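Asks: What follows is each chain in one-letter form.
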Amino acid sequence: MQISHYLLDRILPTVTMPARYTGGEWNSIVKDWDAAQVRLVLAYPDVYQVGMSNLGLMILYDIVNRRPDCLAERVYAPWVDMEAAMRQAGIPLYSLESRHPLREFDVLGFTLPYELNFSNVLNMLDLAGLPVLAAERGADWPLVIGGGVGAVNAEPLADFFDAFAIGDGEEVILEILNACARAKESRAGKLELLRALAGIPGVYVPSLYQVTYHDDGTVAAITPTTPEARPRILRRVMSQLLPPPVDLIVPYVQAVHDRGMVEIARGCTAGCRFCQAGMVYRPLRERSLPEVLAAVEAIGRCTGYEEIALVSLSSASHPQIEEMVRELIARYSHPPLAVSLPSLRIDTFSVRLAELFQGRRKTGLTFAPEAGSQRLRDVINKRVTEADLLATAEAAFAGGWQRIKLYFMIGLPTETLDDVAAIVELVQEVRAVGRRYHGRRAQVNVSVATFIPKPHTPFQWSPLVGEDDLATRLALLRRGVKGRGVQLSWHAPQTSLLEAALARGDRRLGRVIHRAWQLGARFDAWPEHFGWEVWQRAFAAEGLDADWYARRERSFAEVLPWDHIENGVSKAFLWDEYRRALHGETTPDCREMCVGCGLAETLGCEGAG
Amino acid sequence: MMQMNRQRLRITFARGETIKYISHLDLARAWERALRRAGMPLAYSQGFNPRPKMAFAAALPVGYIATAEIVDVLLEEPLAPLDMARRLAVTLPPGLRVVSIKKVDSRLPALQSQVRAAEYRVSVVWEGDRADLEARVAALLAAPTLPRERMHKGRRRSYDLRPLVEGLRLEDETAEGYCLWMRLRHGTGGTARPEDVLDALGLADVLFSVERIALRFPVKSNENVTEG
Ligand code: SF4
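Going line by line, the protein sequences match chains E and P.
Residues 1 to 609 in my numbering are what the first sequence spells out, letter by letter.
Residues 1001 to 1228 in my numbering are what the second sequence spells out, letter by letter.
Quick caveat, the hints were computed from the structure, so don't treat them as lab data.
Fair warning: this is a prediction, and the values are worked out from it, not measured in the lab.
Wrong hints could be hidden among the right ones.
[As the list claims (entries may be wrong)] Which chain P residues stay away from chain E? Per the calculated CB distances, all over 10 Å, these: (1) I1019; (2) Y1044; (3) K1053; (4) M1054; (5) V1062; (6) P1081; (7) R1121; (8) D1196; (9) L1198; (10) A1204; (11) E1211.
[Claimed, not checked] The following label-pair restraints were derived from C-beta to C-beta distances: (12) P/E1195 / E/A84: 17 to 25 Å; (13) P/T1174 / E/E192: 51 to 59 Å; (14) P/A1080 / E/T14: 43 to 51 Å; (15) P/G1167 / E/S489: 22 to 30 Å.
Idealized CB from N, CA, C, for every residue including glycine.
For reference, chain E alone in the conformation it holds in the complex:
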C-alpha cells in the first residue's frame, strides 16, 4: 500500500526542505509495481542532497531499471525533523518513486560510503519497520544487502545485513536479483536464499561464517559454516566499464554536487599508501575520448545540466584529458555547458587544464600535498616535491587565481612535530608566492584532516594517532597558520576515533553500533549531531574499547577481521609497502611499470600500458 499524499501533506509542511521526500524528479523512473518480478530499493544512509551526488547509486538504478522484470526505486535518510514527524504520524520509511513502504520491496540495497553512516543504516531499517538484526528477519522480510567502499570491511555491520556485494556492482546486482526471483518463485526459505547468494562470486553472506577469537581479543579464524560459502570472497571487477548512465536524475533540491557526471576512469595507479580508494578500485580502467564526448553530449541533452564533471580518482591523469577538455570547451560555449575536474594533481599541467575549463571564472584551485615534509611525503608515497608545489602555486597565482586551497593530513605514520612544522612553512611559502602576484589579496586556505588507517591499504596495520599528539599537532598548526592571507580549518578529532575503530573493527562492534543507535546515535558525520559520549557509553556497555581497535599497532601475523575479503591486492604487497613506508622508500606509479601488487594474479590486471 502506497503512502498517500493526503498523509504526507500533514507532515511535509512542517519539515525543512520537504521536496527531499516527494520524488518526481526529471528522469526518475516509476515502473509498474505489479508487473515487476523483483523490486529493489536503493538506499543511501545520508540525506538526499548528499546521496543524490553519488554516482554509484545512479549506475545501479540505471542498470536495474533497464531490466523489464525488475524495478529499482530510491530512498535517502530523512533528516531528524522528518524522522520525528514520520514516527509521530506512524509513517514508515517509503521509496521516493512509488511511495511504497520499504518493507514491501524484495531487496533493500544500501550504498555504504563510509563508517560514519553506519548508525543511519540501523535507523533507516527501524524507520522502515524492519527488525535491525538480520537473524530476526525471516523469508517474508526484504533481503538487506550492502555494497560500496564501506563493504570492504563489513564485519561491524555483519549482524544487520544478509549479504554484501564486494567490488563493482554492475553485474553482481543482477545476479543477486536473479537469485531472489528464483527464491520467490520456489518459495525458498531464508537460509536457502542465503546459500544461493553465497554461491555468487563476490557475494559475502556473513551469517554463513563463524569467527573465533584469541584470548587477547584478536581474531583467531573466520571459517565458512556451509560448503557454498567460500573461504575467501574475491572482489568483483568489471574488466571493461559499461557505457556510462546518461539519463541522470535531476534533483529539484540542490544536491551537494549539482551537476552531471561522467566517470572518465575507475581505479588509480598512483599508489598513495593512505588511500583506500586507490587500492580497492584497481585496476585502472579508462574511457576513451569519443566515449566521454558522446556521454557529455547525451547527458547535456537528457538532463539540461549546465555543468558536467569528469570524475575519477585522478582526472588529470587521463591520457587524453587535455584534448577532452579542449574539445568540450569548444563544443559547448553556446549554450554554455561548464566542465569541471574534481581532482587536480600538483603540477603545472593541471593548472593549464584548469585555465581551460575554469576560463575567466577562476573560482579557486585545490591541491593535496597531504604532508608537509619531503620525508613524510615519501612515507605515504605522495611523490610530489616542494618544488612541484611551489611551481604549481606560482602557475596558479600567475594565471590569475587569488585563492588556493591545500589539503593536509596529520597523524600520519612516523609523523613528528617537525613534519607538522613543515606544513606551516610550506603554507607560508605558498602565501609568499601568492603575495608576489596579488599582494594582500592572495589567500591560502588550509584544510587539515586526521589520518585514519583503513583496511586493504599498506597502513592497515598502523595505529591511529593518539589524542594528546593530535592536540599538540593542531595547536602547532593553529599557532603557525594564521594571520592575513591564510585560513585553517580542521575536522572534529573525535569522529576520527570512531571512524578508525569502525573501519578496522570486527563483528563484535555490531553490538556497539546497535547500542549506540538505541542511545540515539545518527548522522555521526554531521558535527551538530555527533556525540562521542553516546558512543563511549555504547563501547563501555559492551565491554569493548575503541582505542584497542583504533590505536593498536597490529602485527603481520594477526588475522585481520577483513582477511577473508580478497580485494585482489596481496597482503604481502601491502606489508612490503608498509615496510618501505617506514623506511621512507617510494614506489613508482604503476602506469609506467607494474609494481606487482598482486592484481595480475588475482583479477587479471594486464599491467602497465
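Could you slot chain P with the ligand onto chain E? The hints should help.
Replies: Relative to chain E, chain P with the ligand alone:
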C-alpha cells in the same frame, strides 16, 4: 545585431501536486533545465556564470499548487510560441504544465514589478457549520482595520491586513470542509498571504491547502497577461 532578433515569450504555467514542495529557487532551476533540454535558443547573461535570462512574475511559496503562474523568457532568435509549447511538452518534469505562451514586447517593464494582486482558492479542513464561517468572513470584511504583526528580517513589524484583502468569499463545500476564494494584494504596496487571512479568521490551526489561480496586473499592462 543579435539583440535585434531577441524575443520575449511569456509562459503561463501550472504547478501540480507532485512538486508543490519545491522552493522558488528550485522551481527556477527546473525551468532553466527544462528549457535547455528543449533546445531553446535562450539568451544568457554575461559574466562568469552565464544564466538564461528569465523572470518570474512572483515567487510561488512552498506547498502551493498553481494554475496561472507567469515567467518571461528571453530568446536570442524568434520562435513560434506553439513550437516552444510543443517542445516543452516533452521536457517539462511531471507537475509542470504550460497553459499558454505568447509573444510580448521586450520593452515592457519587468514582470515582477508589475504584479498588484493574486487570487487564491484555499481549502480548509473544517467541521463547523457554514453560517459560522460566513459570519467570520463578513466580520473580517466589515472591519475597518486589522492590525497584525509579522516577523520581518528578525524583527517584529506591525501592519494592517485589512487593505491588503481585496476580496474574500466562502465558496463551495468540499468533502472535508470549505473552499475560500481570496484576492490579496501583492507587490510593492504590501503583500498578504492566505495564511495571514486564515489566521485572522481564527483558522490558524486548521489543515489547509492553497491554489494560486491568478496573478493580477494594473489595467494598462493587462492586455498582455489575462490568462487565468
Ligand atoms: S598488477 Fe601491476 S599494473 Fe596492475 S594494479 Fe597492480 S601494480 Fe598496477
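Asks: All hints, please: hold or fail.
Replies: How the hints compare with the structure:
1. I1019: The claim is violated: P/I1019 sits with its nearest Cβ about 5 Å from chain E, within 10 Å.
2. Y1044: At about 6 Å from chain E, P/Y1044 fails to clear the 10 Å cut-off, so the statement is violated.
3. K1053: Holds, because the least Cβ-Cβ distance between P/K1053 and chain E comes to about 12 Å, which exceeds 10 Å.
4. M1054: Non-interface label on P/M1054 holds, nearest chain E Cβ at 13 Å vs cutoff 10 Å.
5. V1062: violated, 7 Å
6. P1081: Non-interface label stands for P/P1081: nearest chain E Cβ at 20 Å, farther than 10 Å.
7. R1121: holds, 16 Å
8. D1196: holds, 16 Å
9. L1198: Holds, because the least Cβ-Cβ distance between P/L1198 and chain E comes to about 13 Å, which exceeds 10 Å.
10. A1204: Per Cβ check, P/A1204 is outside 10 Å of chain E; nearest 13 Å; holds.
11. E1211: holds, 13 Å
12. P/E1195 / E/A84: 17 to 25 Å: holds, 23 Å
13. P/T1174 / E/E192: 51 to 59 Å: holds, 53 Å
14. P/A1080 / E/T14: 43 to 51 Å: Between P/A1080 and E/T14, where Cβ atoms are some 45 Å apart, the hint holds.
15. P/G1167 / E/S489: 22 to 30 Å: This hint is violated: roughly 54 Å between Cβ atoms.
In the structure shown, a violation is registered for the earlier hints numbered 1, 2, 5 and 15, in ascending order.
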